[in-house]
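Asks: The residues making up each chain are set out below.
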Amino acid sequence: MKRMVLFALFALLTSAIHSVNAAVADTIAERVKPCTVCHGPEGRPGPDAYYPRLAGKPRGYLYNQLRNFREGRRYYRPMALLIENLSDEYLSEMAAYFSSLSVPYPAVRGTLDEARTQTARRLVTLGEPGKDIPSCMACHGKALMGIAPDIPGLLGLPADYINAQFGAWRVGSRHAQAPDCMAEIAKRVTAVEASAISAWLAIQPVPDQARPDSSSEALPLKCGNISGRADQ
Amino acid sequence: MKRAATIFVATIAVIAIAAIFNAKLSNRHISTRQTDSSPTQPGRGEYLARAGNCIGCHTAQGGPDYAGGRKLPTPFGTFYTPNITPDRETGIGSWTSDDFWAALHNGESPDGRVLYPTFPYTEYTKVTREDSDAIFLYLRSVPAVSQRSPAHEVRFPYNVRPLLYVWRALYFRPGVYEPEPAQGAEWNRGAYLVQGLGHCNACHGNRNALGATRGAALGGGQIAGLNWYAPSLVSRTEAGIADWQVDDIVKLLATGIASRGVASGPMAEVVRASLQHLTANDLRAIAVYLKSLPENTATIAAPLPETSDDMRKQFARGAAVYEKNCKDCHGTSGEGAPAAYPALAANRGVTMRSPLNSIRSVLNGGYPPSTAGNPRPYGMPPFAQSLSGDEIAAVLSYVRNAWGNRASFVSTLEVERSRGAGY
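Chains F and D are the protein sequences, given in the same order.
Per the working numbering, residue 1 is the first one in the first sequence, and the count goes up by one each step.
Per the working numbering, residue 233 is the first one in the second sequence, and the count goes up by one each step.
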């Protein structure tokens, strides 16, 4: 009985400490709090997946990914559940917000053996014309930081995350709007090459002020996600 | 062996009798068909299709509108919704308005088969012929999409379609909504929408082992296959709205958020895809009708057990989890923040008997729907990735019993059952 009284007192006490919540900020930053719980300011590993960085990524790319998750072209259930009832306009606003953030990249660490370095450097800079593989730089920019507004940067991401995307395109669990150019390219790259590219990209230093490039050059492939380019 | 043969013969006999009974039902309705189906504007049909949320089930995630293929998990197996675009091969392009009426009103396919009541013809049967024709006319106008739905994966014995005759004889009575003369036009319009196109009872009703809704209409129930609990709309301990202002009910249905409630889970989808598109008059009619329904106390929880030492420990652990993860938005005393974060103190969604929806909300987070009235909703983060089952059980036990709330404690097992569950 005494314990019940104590429990009741404790419960009452917790209700007695009244604090009036300050008005909720009418900002997009407040509205995207559900995103940052996992992704953090600069991306981070979680128990089930790597939650990639959102800050500073191209606006159109982020918007396309949000729609891909919502519409099932890209599969990660927690993302699909979270945003399933949000409008295109709202997702676009969220994408623009994250794109506008400038968060320094953490220092990269690690080395890569000579053979894998050469494989990676060749494919990243030259591609493999014999197998119809364009270089990474042909689409993702000379600095590999992406092209605004739709093409993502490739630096500042962990090797496992990049490699997992190669795998997802190959097995068809990651899609973009058709024509899905990255899925086609990923299928032409071997698993060994993909792993070397991922490892090499992950150890490239990223300048603090790195931003997506802008370019009007034609892409080597037609890509459904890319809007407003000369070849579309 | 002889016994098996007897059971077989008896089963066939029951099905035959049920089939004859079903045929009688059909004939009765055919004799009352209105032969004059005057053309209506597609705009009216589109509106009614919205009210019925046809698009919700008949569209797959990311797929073309009305082209079907959405997976509907149920206790009887998995159904894939059909394509209802005007494609002749894979859709309903070869249907007549009589065929459409037979499906909607009577649960019969043009090929003579009876339909599984996953398609809520048990509710749609209340729809008038005029409205059925308007919806059909609208569906004729949407882009035809050639897309074949996968075959249903229904378990034995439910995959034996003739057994549906028995089910229908037991649980299905075709019949258009008959207005209550004692009630006004607004109430009757609300009843027509709630019982018919709105098919609210398909989720908010309790279902028996054969999937038929039983008990008080809108008395609350676990949604078949979805792992969400659709709260009772006629109980003051759940989502009954007898003491709400009509304007608040309209606001909740139109925008997904009101001062005393938020639409989450499957209801958020219903608001986004259907209810937000209805006129204020129709939403008012729905509110007036729902408010008038008699209280049903079946959902009032049994007396709670005495507080044990373990419960006290769980409560204290939950308070610590709350402090760290929830307090910033929901407030020190669970007071929430108007129009952004719901209050948890005195919130029936928190204290109702089934903790399922609270568990789902903590695990998966979520946003209320983007609607014209609330285009940029605030949201709740998912915690499945950062909190253990123990921590979620503790924080929910705390929230269900702090600040004057009183409800059963939540077990880790209950939380883990929902982790990774479908939908």
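Source of the hints: derived by calculation from the structure; they are not laboratory data.
Glycine included, every Cβ here is placed at the ideal spot set by N, Cα and C.
One or more of the hints may lead you astray.
To be verified - Here are the computed lysine-lysine pairs in the DSSO-like style, where the Cα-Cα straight-line distance is at most 30 angstroms:
1. F:Lys187 <-> F:Lys131
2. D:Lys523 <-> D:Lys545
3. F:Lys131 <-> F:Lys222
4. D:Lys523 <-> F:Lys33
5. F:Lys33 <-> D:Lys559
6. F:Lys222 <-> F:Lys142
To be verified - What the simulated footprint calls covered on chain F by chain D, stretch by stretch (three residues with Cβ under 8 angstroms from a Cβ of chain D suffice, anywhere in the stretch; the number is not a length):
7. 38-49
8. 64-72
9. 188-198
Asks: Each hint should be assessed against the structure and marked as holding or not.
Replies: Each hint tested on the structure:
At most 30 angstroms may separate the alpha-carbon atoms for a hinted pair to count; F:Lys187 and F:Lys131 meet this at roughly 11 angstroms. Between the alpha carbons of D:Lys523 and D:Lys545 the distance comes to roughly 41 angstroms, so the proposed pair goes past 30 angstroms and is violated. Annotation: proposed proximity of F:Lys131 to F:Lys222 holds, straight-line Cα distance about 17 angstroms (limit 30 angstroms). Straight-line distance between C-alpha atoms of D:Lys523 and F:Lys33 comes to about 36 angstroms, which puts the hinted pair past the 30 angstroms bound.
For the suggested pair F:Lys33 and D:Lys559, the alpha carbons sit about 14 angstroms apart, so the restraint of at most 30 angstroms is met. For a cut-off of 30 angstroms, the pair hint linking F:Lys222 to F:Lys142 stands: about 19 angstroms separates their Cα positions. Against chain D, the stretch 38-49 of chain F contributes 4 residues with a C-beta closer than 8 angstroms to a partner C-beta. That satisfies the three-residue criterion, and the hint holds. Here's how the stretch 64-72 of chain F fares: 3 of its residues keep a CB closer than 8 angstroms to some CB of chain D, so the rule of at least three is met and the hint holds.
Counting residues of the stretch 188-198 of chain F whose CB falls under 8 angstroms from any CB of chain D gives 0; the rule of at least 3 is not met.
Against the hints set out earlier in the document, violations occur for numbers 2, 4 and 9.
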